[in-house]
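**Student:** Single-letter residue listing:
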Amino acid sequence: MSVSKLTLKRDRFEAKTKQFRTKIKFDQWKGWVYLAPCIALLLVFTGWPIVNTLAMAFQNGYDTMEWISGIDFTIGIDNFLKVISYSGFKDCLFNTILLCVITVPISTILALLIAVCLNSIKFLSRFLQTIYFLPYVTNSIAIGMVFAAMFNMVGTAFGGQNELIQSAGIINNILGIFGVEPINWINEGSGYWENIFVMSFYIIWNALPFKILILLGGLQSVNKQYYDAAKIDSTPKWRVFTKITVPLLSPMIAYVVITGFIGGFKEYSSIVGIFGDDMGPTGDPRRLNTMVGYIYNFIDERQGQASAAALILFGIIFIVTMINLYVSKKKTHF
Amino acid sequence: MSDKIENSKNVTSETKGDSAIRVMGSRDINKLRTSAKIGKGAGMVLTYIFLIFIAVVVLFPFYWMIISSLKTLDEYKLSVPTLFPETIVFGNYAEAFTQANLGRLFLNTVYVGLVSTILSLVITVLSAFAFARLEFKGKNALFAVLLATMMIPGELFTITNYQTVFYLNWMNTFTVLIVPFLVSVFYIYLLKQNFMQIPNELYLAAKVDGTSDLKYLWRVMIPLSLPTLISITILKMMGAWNSYVWPNLVTDSDEYRLITNGLRNAFVESTGDVNIPVQMAAVAIVSAPLFLVFLFLRKYIMKGVSRSGIKG
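Protein chains in written order, with my numbering: chain S, 1 to 334; chain H, 335 to 646.
The set of hints was computed from the structure by calculation and includes no laboratory data.
For clarity, every value in this text was computed on a predicted model and none was experimentally measured.
Some clues are possibly wrong.
[Claimed, not checked] List of simulated lysine to any residue pairs, SDA-like, C-alpha gap at most 25 Å:
| id | chain 1 | residue 1 | chain 2 | residue 2 |
| --- | --- | --- | --- | --- |
| 1 | H | 541 | H | 527 |
| 2 | S | 330 | H | 482 |
| 3 | S | 266 | H | 488 |
| 4 | H | 541 | H | 567 |
| 5 | S | 266 | H | 585 |
| 6 | S | 90 | S | 61 |
| 7 | H | 541 | H | 470 |
| 8 | S | 122 | H | 383 |
| 9 | H | 637 | S | 124 |
| 10 | S | 30 | H | 558 |
| 11 | S | 122 | H | 393 |
| 12 | H | 637 | S | 223 |
| 13 | H | 637 | S | 131 |
| 14 | S | 224 | H | 382 |
| 15 | H | 471 | H | 538 |
| 16 | S | 224 | S | 237 |
| 17 | H | 473 | H | 535 |
| 18 | S | 329 | H | 487 |
| 19 | H | 549 | H | 532 |
| 20 | S | 237 | H | 381 |
| 21 | S | 224 | H | 637 |
| 22 | S | 30 | H | 381 |
| 23 | S | 266 | S | 196 |
| 24 | H | 473 | S | 36 |
[Stated by the list, open to error] To list a few chain H residues with every Cβ distance to chain S over 12 Å, as calculated:
| id | residue |
| --- | --- |
| 25 | 420 |
| 26 | 423 |
| 27 | 468 |
| 28 | 469 |
| 29 | 507 |
| 30 | 534 |
| 31 | 535 |
| 32 | 589 |
| 33 | 621 |
[Unchecked claim] Covered, in the sense of this in silico footprint (three residues per stretch, anywhere, with C-beta under 8 Å from a C-beta of chain H), are these stretches of chain S:
| id | stretch |
| --- | --- |
| 34 | 45-53 |
| 35 | 129-141 |
| 36 | 148-154 |
| 37 | 199-210 |
| 38 | 280-292 |
C-beta: ideal position from N, C-alpha, C; glycine also.
The whole structure should be built from the sequences, with the hints applied where relevant.
**Tutor:** Here's what the structure looks like:
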């Protein structure tokens, strides 16, 4: 082979590599081009808010309007202290946690029961599955209004002295069949726990579809051999449930519990649906205010406190998620 | 006795294809199953009673919404309620439609929903493609950062975004309802997973043939991941339909507001002595499109939801 031929080969090889290199470089550049709109929007509407929220939260008494007029704020944790010591915030935190603690376990257990039952039948199974999913595709404000109507009394005995109950609401009518006196659920003068009951009922009703869908999906992918083995040993049903079904479903259960808690801590629009923007029965506004509601109350002024509250909310969600993950890692089967 | 035989027949047909059983010797197990099945009968009845009871509880609010919307106010207020309207009136619907200005709000919502869905799909497809197929420095780190932002509650962003759109002078525009929510990290993640299932050889083959990336994306990747894209579309449209908080903050006239705002603002009082039949009619109008979508596209919604686990 002559030297010239070799040089030619080398030259060609070098040209190819060069081409390849530029191609890689172009690829580098291309990736960012494809991502440009996404990154630009995320920087403005996700990145900047994270930085800004931290900045606002740690400037004592921060208020955007005051900041524009040239006032400087000292750095510190006043906002957090103010938020925590404010009694309204404690109520919000209490309401939020209470609703979470009531609704997440009940809806999870109920969904698990329903999913297991659905999985054990053939006739009507798909039909019922469709019905159970229906609440998912609803508007939480709109259906909240329906629930309000169902619990609402028209012309309550609590409104004025001589007023009589015209219609006690369909729920009270149904309870009346069993001899229960009409209860003032959500009207003026109603009790706190009655309000909480209505909210919990609505939130559970709303939360079931998603949980059933996930748990049923999990059940359908469970290997049937475990159940056949249990049958051979003639294991009682509840033992099959606690020793086979629940452990095998544990990843899905952990998932719906975690998402349930995250959603529960952000509870807001279901309360607006039933009680309106006042977040409480007539005469006692903000009685059922939640963490998110608190943040929105401070969005127009004293944003430092809103930011501090948002960070506290994030902290709570983060801690609860971590605890859940830790527990589920210990308890889950996989 | 004949029952037993029938049962065992059923069981055999049930276990067909269950390989484990066949390995273990199907006769013994069939016997066991038959005896178990007899005890099962009572359990089955209870199961059905429970399931149907739950179904009634789930459906009752919808039923109550519809029949209340068809009643006259006087009939609604009867102390002993009627389970079906004595006189069916449709006037409540007309009244609700004008009182809540639903026509205008409907158009707004459809406009915002369509524009934001289309733009969001374009951005999501391009980003998912970059993450799934292109190689560049910092790709994995960037993706990890994006995923991390999903943990932060949206309310934290809202405080600042509210100020940002104020500075940008976007208050009371459609832009403010569309732009801040165009990027959803979750949809990018969902679509990226889908794109990665498409064999890379197809991409390389297309490269050899000199097909451009965009053409490949349009001809191969989008058709192959159509179910995911449809799921994203439906969830995004439902999101526009159900959004309440943000439009309530950044708009103050019916010219730009969305349908849920109109519903809540037109009927501020939902308790006490209010005209509930009209309210229920308005609620039914707002809910109807959602039910139609559900009726025809149930499969995509349920698939999308079980994979994404997010509410609209």
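**Student:** Mind checking the alpha carbons of residue 30(S) and residue 381(H) for me, to see if they're no more than 25 Å apart?
**Tutor:** Violated. Residue 30(S) to residue 381(H) sits at ~58 Å, over the 25 Å cutoff.
**Student:** Take a quick look at whether residue 637(H) and residue 124(S) sit within 25 Å of each other, Cα to Cα.
**Tutor:** Since the Cα atoms of residue 637(H) and residue 124(S) sit roughly 20 Å apart, the hinted pair holds (cutoff 25 Å).
**Student:** Need the status of pair residue 224(S), residue 637(H): alpha-carbon distance at most 25 Å?
**Tutor:** At roughly 23 Å apart (the allowed maximum being 25 Å), residue 637(H) and residue 224(S) satisfy the hint.
**Student:** Over 12 Å to the closest beta carbon of chain S is the bar; see if residue 468(H) clears it.
**Tutor:** Violated: least Cβ distance 4 Å, not greater than 12 Å.
**Student:** When you check the alpha-carbon spacing of residue 541(H) and residue 470(H), does it fall within 25 Å?
**Tutor:** holds (17 Å)
**Student:** Going straight from one Cα to the other, do residue 541(H) and residue 527(H) come out at no more than 25 Å?
**Tutor:** holds (21 Å)
**Student:** Report holds if the minimum CB distance from residue 621(H) to chain S is greater than 12 Å, and violated otherwise.
**Tutor:** violated (6 Å)
**Student:** Examine each Cβ of chain S, and state whether all of them lie more than 12 Å from the Cβ of residue 420(H).
**Tutor:** It holds; residue 420(H) is separated from chain S by about 15 Å at its closest Cβ, greater than 12 Å.
**Student:** Please work out if residue 266(S) and residue 196(S) have their alpha carbons no farther apart than 25 Å.
**Tutor:** holds (16 Å)
**Student:** Please work out if residue 122(S) and residue 393(H) have their alpha carbons no farther apart than 25 Å.
**Tutor:** holds (21 Å)
**Student:** With 12 Å as the threshold, tell me whether residue 535(H) passes as away from chain S on beta-carbon distances.
**Tutor:** holds (18 Å)
**Student:** For the pair we were handed, residue 473(H) and residue 36(S), check the Cα-Cα distance against 25 Å.
**Tutor:** Status holds; Cα separation ~13 Å.
In the structure shown, a violation is registered for the earlier hints numbered 4, 22, 27, 28, 33, in ascending order.
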